Amino acid sequence: MDILESQGIYPIPLNKGTSLFGDLFFSGTQPEVVVSCGLGPFEKLKRTSSKIEISTLPMIQNLSFKDSVFKGEKTISTLTDLYMNDHQIQNVPFFPGVMGIEMFTEMYSLSSSKTADVLKDIEFKSAVKLQNIDSKDVFVKYDVVSQTLQLNSLFISKADSSRRREI
1 MDILESQGIY PIPLNKGTSL FGDLFFSGTQ PEVVVSCGLG PFEKLKRTSS
51 KIEISTLPMI QNLSFKDSVF KGEKTISTLT DLYMNDHQIQ NVPFFPGVMG
101 IEMFTEMYSL SSSKTADVLK DIEFKSAVKL QNIDSKDVFV KYDVVSQTLQ
151 LNSLFISKAD SSRRREI
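Position 103 of the sequence shown, counting from 1, maps to 103 under the working numbering, and the rest follow consecutively.
Keep in mind the hints are simulated off the structure, nothing from the lab. Computed from a predicted structure; not experimentally measured. Don't take every hint at face value.
Claimed, not checked - Subject to a maximum C-alpha distance of 27 Å in a straight line, what follows is the list of computed DSS-like cross-link-like pairs (lysine-lysine):
id	residue 1	residue 2
1	K114	K141
2	K125	K136
3	K129	K114
4	K16	K71
5	K141	K66
6	K120	K71
7	K136	K71
8	K71	K125
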């Protein structure tokens with residue numbers, strides 16, 4: 001305990017923690033993420049990653065946290081995301097902007113245990129499309145410090161696949 005306390009980490013007493021865990025477990029609370037400003041010598045434990053298997057959050061399949069940024073990932077495909085079939089231009093499926101907004105709200109809910117009431121200053125810059133591929137990974141980043149959300153995917157040039165870049 002002295003080592004933890006010397007680094008500014010103060011664990012709660014065992015009996016209080018056991019009681020609190022029981023209350024949380026039996027009340028069926030939603031997933032919770034605790035963000036700390038620093039972990040001292042335990043900093044290497046700061047990076048976290050987990051697979052999300054909650055059917056109420058279908059737009060986030062994997063969640064990771066690094067350097068105050070949460071990253072939620074999803075693989076989109078016309079086979080699993082049937083709405084993509086209804087959002088096509090010249091037989092090329094596009095990821096609908098409203099689904100990106102849904103990813104934002106799910107990410108915020110996962111990372112803060114709160115419901116997003118308002119999203120503002122939304123900008124659409126580049127369309128995410130499935131051109132000549134079966135699936136594509138999209139990810140949303142939530143920066144806890146700046147309180148901003150951003151949806152990205154990897155762009156792979158048809159002419160030169162080595163020119164991969166994040167858009």
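Status of each hint after checking the structure:
For the suggested pair K114 and K141, the alpha carbons sit about 17 Å apart, so the restraint of at most 27 Å is met. Pair hint K125 plus K136 holds up; C-alpha atoms about 18 Å apart against a cutoff of 27 Å. A distance of roughly 31 Å separates the Cα atoms of K129 and K114; the hinted pair therefore is violated under the 27 Å criterion. Taking the CA atoms of K16 and K71, the gap is about 32 Å. The hint is violated against a cut of 27 Å.
Simply put, K141 and K66 have alpha-carbon atoms about 10 Å apart, close enough for the 27 Å limit, and the pair holds. Restraint check for K120 and K71: satisfied, since their Cα atoms lie roughly 20 Å apart, inside the 27 Å limit. For the proposed pair K136 and K71, the alpha carbon gap of about 16 Å is at most 27 Å, so the pair holds. Straight-line distance between C-alpha atoms of K71 and K125 comes to about 19 Å, which keeps the hinted pair within the 27 Å bound.
Of the numbered hints given earlier, the model fails hints 3 and 4; all others are met.
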